[in-house]
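Let's have the full structure, built from the sequences with the hints guiding it.
Listed here are the chains, written in short residue letters.
There are 2 protein chains.
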Amino acid sequence: MEDTKNNSDLQSLSEEENFGLSSDLIHAVEDALEESRDSDVEDLVEGLHEADTADLLEILGRDERYRLMEVIGAGFDPEILPYLDETIREEIVEWLGPKGIAKLVQELDSDDAVELVQDLDEDLRMHILAALPQAYRRVIEESLSYPEDSAGRLMQREIVAVPSVWTIGETIDYMRVSDNLPDDFYDIFVVDPRHHPVGFIPASRVMRARRHVRLDEVMDDDMRIIPLELDQEDVAHMFRQYGLISAPVVEASGRLVGVITVDDVVDVIDEEAGDDLMKMGGVSEPDLYEDVTDTTKARFTWLGVNLLTAVLASIVISLFDATIEKVVALAVLMPIVASMGGNAGTQTLTVAVRSLAMKDLSEANAARFVGKELIIGIINGFLFAILTGVVTWLWFDQAALALVIGAAMVINMVVAGLCGTLIPLGLEKFEIDPAVASSVFLTTVTDVIGFFAFLGLAAIFLL
Amino acid sequence: MEDTKNNSDLQSLSEEENFGLSSDLIHAVEDALEESRDSDVEDLVEGLHEADTADLLEILGRDERYRLMEVIGAGFDPEILPYLDETIREEIVEWLGPKGIAKLVQELDSDDAVELVQDLDEDLRMHILAALPQAYRRVIEESLSYPEDSAGRLMQREIVAVPSVWTIGETIDYMRVSDNLPDDFYDIFVVDPRHHPVGFIPASRVMRARRHVRLDEVMDDDMRIIPLELDQEDVAHMFRQYGLISAPVVEASGRLVGVITVDDVVDVIDEEAGDDLMKMGGVSEPDLYEDVTDTTKARFTWLGVNLLTAVLASIVISLFDATIEKVVALAVLMPIVASMGGNAGTQTLTVAVRSLAMKDLSEANAARFVGKELIIGIINGFLFAILTGVVTWLWFDQAALALVIGAAMVINMVVAGLCGTLIPLGLEKFEIDPAVASSVFLTTVTDVIGFFAFLGLAAIFLL
Numbered sequence: 001m002e003d004t005k006n007n008s009d010l011q012s013l014s015e016e017e018n019f020g021l022s023s024d025l026i027h028a029v030e031d032a033l034e035e036s037r038d039s040d041v042e043d044l045v046e047g048l049h050e051a052d053t054a055d056l057l058e059i060l061g062r063d064e065r066y067r068l069m070e071v072i073g074a075g076f077d078p079e080i081l082p083y084l085d086e087t088i089r090e091e092i093v094e095w096l097g098p099k100g101i102a103k104l105v106q107e108l109d110s111d112d113a114v115e116l117v118q119d120l121d122e123d124l125r126m127h128i129l130a131a132l133p134q135a136y137r138r139v140i141e142e143s144l145s146y147p148e149d150s151a152g153r154l155m156q157r158e159i160v161a162v163p164s165v166w167t168i169g170e171t172i173d174y175m176r177v178s179d180n181l182p183d184d185f186y187d188i189f190v191v192d193p194r195h196h197p198v199g200f201i202p203a204s205r206v207m208r209a210r211r212h213v214r215l216d217e218v219m220d221d222d223m224r225i226i227p228l229e230l231d232q233e234d235v236a237h238m239f240r241q242y243g244l245i246s247a248p249v250v251e252a253s254g255r256l257v258g259v260i261t262v263d264d265v266v267d268v269i270d271e272e273a274g275d276d277l278m279k280m281g282g283v284s285e286p287d288l289y290e291d292v293t294d295t296t297k298a299r300f301t302w303l304g305v306n307l308l309t310a311v312l313a314s315i316v317i318s319l320f321d322a323t324i325e326k327v328v329a330l331a332v333l334m335p336i337v338a339s340m341g342g343n344a345g346t347q348t349l350t351v352a353v354r355s356l357a358m359k360d361l362s363e364a365n366a367a368r369f370v371g372k373e374l375i376i377g378i379i380n381g382f383l384f385a386i387l388t389g390v391v392t393w394l395w396f397d398q399a400a401l402a403l404v405i406g407a408a409m410v411i412n413m414v415v416a417g418l419c420g421t422l423i424p425l426g427l428e429k430f431e432i433d434p435a436v437a438s439s440v441f442l443t444t445v446t447d448v449i450g451f452f453a454f455l456g457l458a459a460i461f462l463l
Numbered sequence: 464m465e466d467t468k469n470n471s472d473l474q475s476l477s478e479e480e481n482f483g484l485s486s487d488l489i490h491a492v493e494d495a496l497e498e499s500r501d502s503d504v505e506d507l508v509e510g511l512h513e514a515d516t517a518d519l520l521e522i523l524g525r526d527e528r529y530r531l532m533e534v535i536g537a538g539f540d541p542e543i544l545p546y547l548d549e550t551i552r553e554e555i556v557e558w559l560g561p562k563g564i565a566k567l568v569q570e571l572d573s574d575d576a577v578e579l580v581q582d583l584d585e586d587l588r589m590h591i592l593a594a595l596p597q598a599y600r601r602v603i604e605e606s607l608s609y610p611e612d613s614a615g616r617l618m619q620r621e622i623v624a625v626p627s628v629w630t631i632g633e634t635i636d637y638m639r640v641s642d643n644l645p646d647d648f649y650d651i652f653v654v655d656p657r658h659h660p661v662g663f664i665p666a667s668r669v670m671r672a673r674r675h676v677r678l679d680e681v682m683d684d685d686m687r688i689i690p691l692e693l694d695q696e697d698v699a700h701m702f703r704q705y706g707l708i709s710a711p712v713v714e715a716s717g718r719l720v721g722v723i724t725v726d727d728v729v730d731v732i733d734e735e736a737g738d739d740l741m742k743m744g745g746v747s748e749p750d751l752y753e754d755v756t757d758t759t760k761a762r763f764t765w766l767g768v769n770l771l772t773a774v775l776a777s778i779v780i781s782l783f784d785a786t787i788e789k790v791v792a793l794a795v796l797m798p799i800v801a802s803m804g805g806n807a808g809t810q811t812l813t814v815a816v817r818s819l820a821m822k823d824l825s826e827a828n829a830a831r832f833v834g835k836e837l838i839i840g841i842i843n844g845f846l847f848a849i850l851t852g853v854v855t856w857l858w859f860d861q862a863a864l865a866l867v868i869g870a871a872m873v874i875n876m877v878v879a880g881l882c883g884t885l886i887p888l889g890l891e892k893f894e895i896d897p898a899v900a901s902s903v904f905l906t907t908v909t910d911v912i913g914f915f916a917f918l919g920l921a922a923i924f925l926l
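Here the protein sequences come in this chain order: A and B.
Its first residue numbered 1, the first sequence is counted upward by one per residue in this note's numbering.
Its first residue numbered 464, the second sequence is counted upward by one per residue in this note's numbering.
In case anyone wonders, no lab produced these hints; they're calculated from the structure.
One thing to keep in mind: the hints can contain errors.
[Said to hold, decoys possible] Computed list of lysine-lysine pairs in DSS-like fashion (alpha-carbon distance at most 27 Å, straight line):
#1 A:K429 to A:K359
#2 B:K822 to A:K297
#3 A:K326 to B:K789
#4 B:K760 to A:K359
#5 B:K822 to B:K892
This is the structure:
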């Protein structure tokens, strides 16, 4: 029996997707929904992992999603909620209604419940909180009192903490009888009489030690302690830096109040990495599941800023309209200078933004980084000056024009290297997220300088 | 004693950096190195976590780095190596020499050793492998025989596997006496007589269960099994999707051969996220620590491709040089149309690339995504057509010119929306990484279409 199961597991693994949710399954569900074969839908969905059911809900169109919810009905597993994208989750929460959702929230771990409740609007949140048992409600409300995106919001309140004076035997006995513990856990935290964490022991080590051994003899006291207010980005960096599996969270007095585990941090890492990519691309947040109206609005703002900078570049060009009228080749060639500067600057900028996010770039090595990028700008500037110069010469047969574009290229690529480093470093210094604002500043500079240098030099030397 | 330690831990945590490696410490080490106060350097570095020592080595200049290595000398902890950036690691490996590095490799876990050895050049790798004890050498060589970036390379060979017929008591006794187990572990894998994994039990659950209980009564058989050849990107997705802490790796026959734990996956997630960001920014890989020559070369290639596309755009402009000569305002305004198209397309492209990487976008919802982005392109196209048209009219006082730029804007932003979705989806279909090639295709299209639509319409309607 076990073997058969295992073999079919392997078989599904060897499929292209490696996951429970194949395109075949999606199509089968869509067909069954369309033909109102409700019991077929139930059969198809039944064995799915909550994460896959969440994906299925996300991937369906809105009408199909509501139909699927109707079919699942009371059998809806609350564990699906944490896996849902925010936009789709709101839809589902609305569909379930305040009473339905309040019932489901109680079945979640406190950290998942907090994540769910914090995103709801004020009214609905109040409604749900009011429907919760008082003890659980207080836990949730306390978590919500911590700053958004802080360790306090991320942590789980269910924790295994034992006094350092206990022995391994006492610890195991306590864990066998206590029913107030999380289902599964990885590290046991050792606390002093004031409930301050003084060390931890991986569960595997407790199991392998002799019963009479005292905890403080086998515990690890080289431990990273996380303050409640620490930003989740810094929490993620700590886990990454030290390869942590779980870490204790303490309030200002030093008292142990919760634990953050690495699986929650994986979500944060994904989120932050995705956010940086989005911001660099001029999108405020991943909006795959947002509707057309919200997406259009969000994108409009960024495009509006870009229109302003494009107009600024146009104004620079208009300063030289008399020159262009005489040498129309300038209009043909000028986008090359601006575009090469923009691309070279973006390369530098991307490295700077990522290195700042990973805390690889700091004051200690900033000067070396700027220097290096400046040199690269100079070298690549000259190489592309030669290339572009030769192309121009062959194309227009004017040596002076070739020299002018070459000189403008060097200037703009050096400026690009400098701005690609100094803009993000400057923004970081003023605590502005370099990912969100850098690229618009950068391309403004490389456009303006690119056009100004090329057309300006042309006005001086070609007329 | 414990309290004091704990308090000072907290204090250092409340510092700006939250980590062991403060700028003050870096400066102190730099000063001590410069003044050849070797014992001071030793004192400063001694208490650092290996990850922090790795950061310190990365952040120093090359000469200082070698000086620090000289001071650390034989006391160099091999655990530092896995934390080092690849470029710096190569430098350190070279400094240590084949014999030195061979000695250190033996002290590492097999997955860390493989990661280290796989990046070395052929000669050095052979040299190190030859110096290893035969059993350990065979383990490493077997790992190296799996495809790069596969689960086989990522996994750890040290694993806790017990037969399903055992009881909890037998399992605990076995673990107490066996000295062939990993130091700490999270899940115990249960295997059938053929050594195929049939379930797992978190260590905490083993500890809390009664001794006489059989493993197959308490084990969890809803488990994700990873084939040896699975790409690390898919491994990461599996961990993320199902919130895994560790997962068994099996060879083609189904035999359990290793385990992947979430902390290794965190590195993969970071790497993949960083790689996508880099590729979108036109950088082949994070190159903060690369030297000027290598960085310049790598960046040159991408800029060269961009030069070709820029020249292509220039050729389009040159088709209309007669038109521009008559209406020089066209030269002033034309970058606006191209730039807005490029930015709108990049927004769409960024969402597509990220959604593909996170497997949120697939065949099942591709059509809906393209449709949505098309509508957004149309709406924002018209909005910016109006805005740009008004600006143009006020600036040049020519209604026809305003109409022409408006029409070109709509065309280019619709094209941008379509290309921002279809290019990455198409590349993904042909198994070309959409992050690396999409943006150059996209901006080529939006530049060419932008200039062609604007100047073409102008040639028809303004002359």
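Checked hints:
As the CA atoms of K429 of chain A and K359 of chain A are separated by approximately 13 Å, the hinted pair is consistent with the 27 Å bound. Only pairs whose Cα atoms come within 27 Å are accepted, and K822 of chain B paired with K297 of chain A is accepted, the gap being roughly 25 Å. A distance of roughly 11 Å separates the Cα atoms of K326 of chain A and K789 of chain B; the hinted pair therefore holds under the 27 Å criterion. For the hint pairing K760 of chain B with K359 of chain A, the CA-to-CA distance comes to about 25 Å; that is within 27 Å, so the pair holds.
The hinted pair formed by K822 of chain B and K892 of chain B meets the criterion: a straight-line CA distance of about 13 Å does not exceed 27 Å.
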